[in-house]
Amino acid sequence: MHSIAVTLLSCVFLILVWGIVFVTSQRLFLGEIVLPQRRHNNCPAWGFFTYFENNSPDNARTQAQSYLRRTVALTKATETVDGYILNVGTNTFHVRDRYVRRLRGGKDAKSRYVGTCFFVPNQGMPIAEQIATALLMLKNDPTLFDKWAVKNGESFKADGQIFY
Amino acid sequence: MNAKIITFSSRGDTTLLEYDPATADMDEVNKLISEYEAKGAQPFDMTTGERIEKVTREQNEVLMVHPVAGG
Numbered sequence: 001m002h003s004i005a006v007t008l009l010s011c012v013f014l015i016l017v018w019g020i021v022f023v024t025s026q027r028l029f030l031g032e033i034v035l036p037q038r039r040h041n042n043c044p045a046w047g048f049f050t051y052f053e054n055n056s057p058d059n060a061r062t063q064a065q066s067y068l069r070r071t072v073a074l075t076k077a078t079e080t081v082d083g084y085i086l087n088v089g090t091n092t093f094h095v096r097d098r099y100v101r102r103l104r105g106g107k108d109a110k111s112r113y114v115g116t117c118f119f120v121p122n123q124g125m126p127i128a129e130q131i132a133t134a135l136l137m138l139k140n141d142p143t144l145f146d147k148w149a150v151k152n153g154e155s156f157k158a159d160g161q162i163f164y
Numbered sequence: 001m002n003a004k005i006i007t008f009s010s011r012g013d014t015t016l017l018e019y020d021p022a023t024a025d026m027d028e029v030n031k032l033i034s035e036y037e038a039k040g041a042q043p044f045d046m047t048t049g050e051r052i053e054k055v056t057r058e059q060n061e062v063l064m065v066h067p068v069a070g071g
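Just so you know, the protein sequences line up as chains A and B, in that order. Sequence positions in the first sequence follow the numbering used here and run 1 to 164. Sequence positions in the second sequence follow the numbering used here and run 1 to 71.
Since the hints were derived computationally from the structure, they do not count as laboratory data. Be aware that one or more of the hints could be misleading.
Said to hold, decoys possible - Derived pair list, reagent style DSS-like, types lysine-lysine, alpha-carbon separation capped at 27 Å:
1) B/Lys39 x B/Lys54
2) A/Lys76 x B/Lys54
3) B/Lys54 x B/Lys31
4) A/Lys147 x B/Lys4
5) B/Lys4 x B/Lys31
6) A/Lys147 x B/Lys39
7) B/Lys39 x A/Lys151
8) B/Lys39 x B/Lys4
9) B/Lys4 x B/Lys54
10) A/Lys76 x B/Lys31
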């Protein structure tokens, strides 16, 4: 009975040591210069659990939604049932997941396009952050819409390079 | 309060660099920005939403966005 208790305690101790070493090595090898957000400095013993909490898909989605909300406010975009309306100068865009439609503007010759797809080659980036990226970029340079549109029909590799 | 350079990633937002804007070597900060710009990323001030050319001590949060492709 005594040996079973000792074995169990040893296992618990080993798991704790592994957790600490794993979290530390991840931070070192991934080259994080700084501490990740929402680190709980007052409860270091929970670092192992916090690591998984901060890197869980749910947490990534929450962070992404938070940045999207901030970007929507910064760009003065308006949320609709199926995307976001963005006004930039004489242009009005409707931005949603990987697709932008121009609702108004673009009267010059190059601007015959009504809609275009867009994508961020970074694999696995949450959709909310992809939309936030497009909103920020279009707000600062609405001519990007035409640059994206002229690429219509081209196939892309995962790294964003065009297939020829 | 520390300033941060962040980027979007598959894990949500990721902090690339955190520094004290009062004492940091801004040339070093901008050097890091240049390295990411060379890969196509663009820096935006998350206080104003404006694209920035150079990071100054006034910026507290800079977002490096990944290049967007059309198609």
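Checked hints:
1. B/Lys39 x B/Lys54: holds, 16 Å
2. A/Lys76 x B/Lys54: holds, 24 Å
3. B/Lys54 x B/Lys31: Roughly 10 Å between the alpha carbons, so the hint for B/Lys54 and B/Lys31 holds.
4. A/Lys147 x B/Lys4: At roughly 31 Å apart (the allowed maximum being 27 Å), B/Lys4 and A/Lys147 break the hint.
5. B/Lys4 x B/Lys31: holds, 14 Å
6. A/Lys147 x B/Lys39: At roughly 19 Å apart (the allowed maximum being 27 Å), B/Lys39 and A/Lys147 satisfy the hint.
7. B/Lys39 x A/Lys151: holds, 20 Å
8. B/Lys39 x B/Lys4: holds, 19 Å
9. B/Lys4 x B/Lys54: This hinted pair holds, its Cα atoms lying about 14 Å apart.
10. A/Lys76 x B/Lys31: Judged against 27 Å, a Cα distance of about 31 Å means the pair is violated.
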